[in-house]
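Q: Sequence:
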Amino acid sequence: MSKVIMQISMYLANALSVHISLSPPNPPAARQHVCTGTPETDTLFERVVQHITFLSKSSVWFFTVLNTTSTIVSHGIVFSCPVSHPRSVSTVIHPVFFLGTILTILSAILRLWCFKCLGHLFTFEITIRPKHELITHGPYAYVRHPSYTGVYLTLIGATCVLLAPGNWTADYGIRNPIGLILLCLWLLKCSFAFRGMGVRLRAEDDLLHANFVIICKSVRRLDVMEKLEVDSRWHVFIMKN
7 MSKVIMQISM
17 YLANALSVHI
27 SLSPPNPPAA
37 RQHVCTGTPE
47 TDTLFERVVQ
57 HITFLSKSSV
67 WFFTVLNTTS
77 TIVSHGIVFS
87 CPVSHPRSVS
97 TVIHPVFFLG
107 TILTILSAIL
117 RLWCFKCLGH
127 LFTFEITIRP
137 KHELITHGPY
147 AYVRHPSYTG
157 VYLTLIGATC
167 VLLAPGNWTA
177 DYGIRNPIGL
187 ILLCLWLLKC
197 SFAFRGMGVR
207 LRAEDDLLHA
217 NFVIICKSVR
227 RLDVMEKLEV
237 DSRWHVFIMK
247 N
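Each residue of the sequence shown is one higher than the last, beginning at 7 in this note's numbering.
If you're looking for bench data, these hints aren't it; they were derived computationally from the structure. Among the hints, erroneous ones may be present.
[Claimed, not checked] Straight line, CA to CA, 20 Å or less: simulated SDA-like cross-link-like pairs of lysine to any residue:
{"#": "1", "residue 1": "K122", "residue 2": "S29"}
{"#": "2", "residue 1": "K195", "residue 2": "V205"}
{"#": "3", "residue 1": "K9", "residue 2": "T133"}
{"#": "4", "residue 1": "K63", "residue 2": "D48"}
{"#": "5", "residue 1": "K63", "residue 2": "L214"}
{"#": "6", "residue 1": "K63", "residue 2": "K9"}
{"#": "7", "residue 1": "K122", "residue 2": "H151"}
{"#": "8", "residue 1": "K63", "residue 2": "L194"}
{"#": "9", "residue 1": "K122", "residue 2": "Y154"}
{"#": "10", "residue 1": "K63", "residue 2": "T47"}
{"#": "11", "residue 1": "K195", "residue 2": "G185"}
{"#": "12", "residue 1": "K195", "residue 2": "S64"}
Modelling step: build the complete structure from the supplied sequences, incorporating the hints.
A: Here it is in structure tokens:
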């Protein structure tokens with residue numbers, strides 16, 4: 007019974023972590039603040055990013071219900087369930103399952119940290135606003151794009167949970183045509199998101215360099231800056247001595 011409780015708890019922790027990571031902390035940005043007009047900003051990914059995140063969360067919750075129900079049935083906690091072949095679910099928790107759950111939990115913590123540091127500036131759209139501040143504290147003191155690292159870890163972790171041996175989705179779902187199609191769609195969606203975020207990273211770097219003067223000792227780290235207001239629209243950042 008203890009393994010059942012742990013397994014169900016891990017399923018729920020994974021789903022909740024994914025939900026937190028992929029839920030925008032602020033309303034969508036106003037259209038006039040969204041950056042457009044370049045090949046990197048006018049992509050299909052940018053047009054559907056909100057739908058992609060919603061689909062990701064919905065998919066994870068759907069698979070969580072399937073795996074949780076199968077786990078309950080396989081241990082005889084309830085007497086009937088529409089899930090087929092419950093005995094295919096192992097009673098042993100696979101290390102990949104542990105790894106995936108840890109990754110999604112850590113990514114949720116990282117994303118919440120990024121949300122707090124950026125505050126109202128954090129949106130799921132590419133934006134540069136009047137008097138936009140360059141954040142250089144928290145995780146942004148060490149890497150330029152920690153929030154995207156969180157997204158990568160979220161999707162990788164969720165995929166590990168879905169495909170971990172012992173789970174219904176891995177042991178039976180891939181042998182069912184519908185389940186196989188759903189898993190393939192998940193993998194295609196993740197690939198689309200990874201590619202879209204790669205393009206977005208380049209777009210955001212270009213926008214930062216176009217709108218801010220940044221002095222960096224390292225291409226990965228933004229050193230502590232002192233802010234000087236240049237005019238009513240933008241700020242320039244220079245290195246503190």
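Q: Run the distance test for K195 versus V205: straight-line Cα separation, threshold 20 Å.
A: Roughly 15 Å between the alpha carbons, so the hint for K195 and V205 holds.
Q: Does H151 sit within 20 Å of K122, going by the straight-line distance between their CA atoms?
A: Holds - the C-alpha atoms of H151 and K122 are around 14 Å apart, at most 20 Å.
Q: Straight-line Cα separation of K63 and K9 no greater than 20 Å?
A: Not OK: K63 and K9 at ~25 Å, beyond 20 Å, violated.
Q: Are the Cα atoms of K9 and T133 separated by 20 Å or less?
A: 46 Å, violated
Q: Taking 20 Å as the top limit, are the C-alpha atoms of K63 and T47 close enough?
A: 24 Å, violated
Q: Do the alpha carbons of K195 and G185 lie within 20 Å of each other, as the hint requires?
A: 15 Å, holds
Q: Could you grab the alpha-carbon distance between K122 and S29 and see if it respects the 20 Å cut-off?
A: 13 Å, holds
Q: What's the verdict on K122 and Y154, does the C-alpha distance respect the 20 Å limit or exceed it?
A: 15 Å, holds
Q: Is the hinted pair K63 and L194 satisfied, with a Cα-Cα distance of at most 20 Å?
A: 15 Å, holds
Q: Would the hint linking K63 and L214 be met if the CA-CA limit is 20 Å?
A: 30 Å, violated
Q: Hey, K63 versus D48, does the alpha-carbon distance stay inside 20 Å?
A: 24 Å, violated
Q: Check the hint pairing K195 with S64 against an upper bound of 20 Å on the C-alpha distance.
A: 13 Å, holds
When the structure is compared with the earlier hints, violations turn up for hints 3, 4, 5, 6 and 10 and for no others.
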